[in-house]
Amino acid sequence: MDQKAKNVTIFKDNLQNFLFVFPAFAIFCVFYIYPFYKMINLSFYDWRGIGPMHFIGIANYKELMGDHLWWDSIGHAGYITLIALTFQNALAFALAIVCDREIRMKRFYRVIFFIPPVLSEVVVGLIWNWILNPEMQNGQNIGLLNHFLYTSGLPQMVHNWLGDPKTALTTIAIVHSWKGFGWGFIMFLAGLQTIDKQLYEAARVDGAGAWKTFMNVTVPMMLPVILVVAILTILGSMQVFVLIIAMVNEGLVNHTDVPVTRIFSAMQNTNRFGYACSEAVIFGMILVCISFIMKRLSDKAKQV
Amino acid sequence: MRVNRYVFWGMTKSTLSHVFLMSVALTCMFPLFWMLRCALMSNATVFVDQALIPHHLNFGNFAIAWTKGNFAVYFLNSVIYTVCVVSGIVLISSLAAFAFSRLKFPGKNIIFYLFVAAMMIPLPGSFVALFVLMTKLHLINTRFGYILCMINVGLSMSILIFKTFFDKMPHDLEDAARIDGCSKIGLWWHVAMPLARPAIAVVVIFNSLSVWNEYILAFLLLGDSRLMPLQRGLMVFQGANSTDYPVLMAGLTMAAIPIIMVYLFMQKNIVKGLSSGAVVG
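Protein sequence lines, in the order shown, are assigned to chains R and L. Numbering (the working numbering) for the first sequence: 18 to 321. Numbering (the working numbering) for the second sequence: 7 to 287.
Treat the hints as calculated values from the structure; they're not laboratory data. Please read all numbers here as calculations on a predicted model, not as lab measurements. Don't be surprised by glycine CBs; every beta carbon is placed ideally from N, CA and C. Hints are all accurate, no fakes.
Derived Cβ-Cβ restraints for the label pairs, each shown as a range:
id	chain 1	residue 1	chain 2	residue 2	range
1	L	I116	R	V236	37 to 43 Å
2	R	H71	L	K74	45 to 51 Å
3	L	A57	R	A111	31 to 37 Å
4	R	V236	L	I86	43 to 49 Å
5	R	A225	L	M126	36 to 42 Å
6	R	I50	L	V242	31 to 37 Å
7	L	G245	R	D181	19 to 25 Å
8	R	R65	L	F26	53 to 59 Å
Facing chain L, a subset of chain R residues (Cβ under 8 Å, in silico):
id	residue
9	V38
10	M56
11	F130
12	L136
13	V277
14	G301
Use the sequences and the hints to build the structure in full.
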């Protein structure tokens with residue numbers, strides 16, 4: 018076989034092999050790479066969605082730097098993330114530790130705890146919206162929570178949980194944690210089950226108490242898992258959006274806004290596509306920075 | 007006496023553990039129970055009757071939601087989207103993963119790392135650009151457009167799951183099939199895919215959950231109520247009939263039950279998939 022014919026066969030072979038990847042690659046280019054490029058590109062333009070596009074350089078970014086509503090929204094998402102990181106993950110970790118022991122009905126608990134995470138944010142948000150309903154009818158609280166507080170002798174606690182700017186965000190964060198803790202629980206439990214039980218035995222022989230064993234065996238062994246859960250919790254909680262619109266339905270705009278709601282409202286309410294894109298770029302960069310830092314931390318934890 | 011103290015201490019500890027676990031489990035289940043309870047009440051009793059189990063069970067809400075609430079359409083759409091997107095993802099991602107794992111062509115690694123990077127880099131606001139693109143392509147308000155977008159959402163993760171599986175698969179069977187004159191596409195379909203059932207299960211379950219529960223893209227791309235999936239329909243219904251709680255709860259129940267059923271039957275695979283996802287992350 019001469020060289021030319023050989024080259025043709027190799028080329029045909031490569032092309033055939035590439036065709037396996039082609040559908041995935043084509044969809045990926047059109048629906049991921051192009052929007053990615055277009056998002057950055059549009060962020061330098063003033064554009065109303067239709068009509069002429071005006072190149073305005075970094076004016077969108079400049080405006081964004083001074084946009085209080087935007088930075089407030091990042092703060093709100095940060096607050097929700099903080100509660101998810103501490104309250105939700107601590108609960109998940111505690112449950113996983115209790116479940117890791119020899120205990121009856123382990124499987125039952127595992128199944129139940131993971132039900133909220135498989136439900137959609139719309140379903141979860143609307144159920145809680147109904148439970149937290151602040152209205153009265155015939156002198157009775159129609160929302161379950163307020164009714165319960167009233168009848169159990171705590172009428173002073175009856176409150177418009179989602180309507181009051183002071184409590185709305187915390188309420189949302191707690192519902193978000195309710196939906197998310199089961200997922201952390203499963204990850205922590207999987208991690209705990211990989212720890213060699215002989216380590217606990219050795220610690221006990223050395224006379225370490227429960228707390229010491231926990232701090233010196235469980236936590237160091239679990240550090241990589243803890244960091245993975247932390248990264249995914251941060252990324253998930255910062256991007257929370259559907260749960261909020263299902264719960265408050267844009268009712269308390271300036272108090273429960275998160276970055277994704279701001280991006281949506283720039284795009285749909287004011288038709289400022291360029292500005293929405295610059296918000297999206299900045300938000301994406303913040304998230305990438307966070308996950309990069311966390312990744313470095315977890316690499317360090319793995320080395321130790 | 008010492009033994010007794012240990013037994014006593016052990017029993018207290020296990021009781022406390024169960025109290026803790028049980029109270030959390032109840033907190034998980036109670037909102038769902040409440041949803042079902044309210045779905046079985048009528049508009050007249052839901053605001054008055056605060057008994058745990060209503061005195062008159064009223065199944066009419068489901069019928070009302072199904073017909074007047076347009077949930078028959080939403081439900082059917084959700085089924086169509088889930089089936090199309092998931093089967094699309096399984097075919098496309100397994101083909102690509104097979105090539106990444108077994109075949110050679112220039113640029114293979116670069117393309118593969120592009121997919122991996124796409125999974126790592128969060129793109130929270132790319133929907134703005136996606137909306138612009140879909141408008142240009144005249145795919146707004148079409149089933150096809152929504153399905154393509156959703157296939158893209160699940161692609162990277164599924165390719166990774168399939169590739170991990172194919173990499174571990176022994177080469178012997180393939181070699182035998184190759185000697186028997188099986189083509190590359192035949193190797194994928196007749197040898198690799200039948201062996202990859204566990205990976206297929208994980209991919210199918212995860213993507214079914216994510217497509218069934220998806221809201222943002224449905225909100226962005228589908229404005230026509232005949233094309234809306236359940237999650238979008240629920241929000242539309244809530245916006246239009248904000249006080250009709252029993253029917254809304256019936257709709258929520260219809261959206262939640264299929265996903266809970268799938269979960270209960272498949273929970274082993276879900277746990278497996280989650281922990282493999284953790285390894286990736």
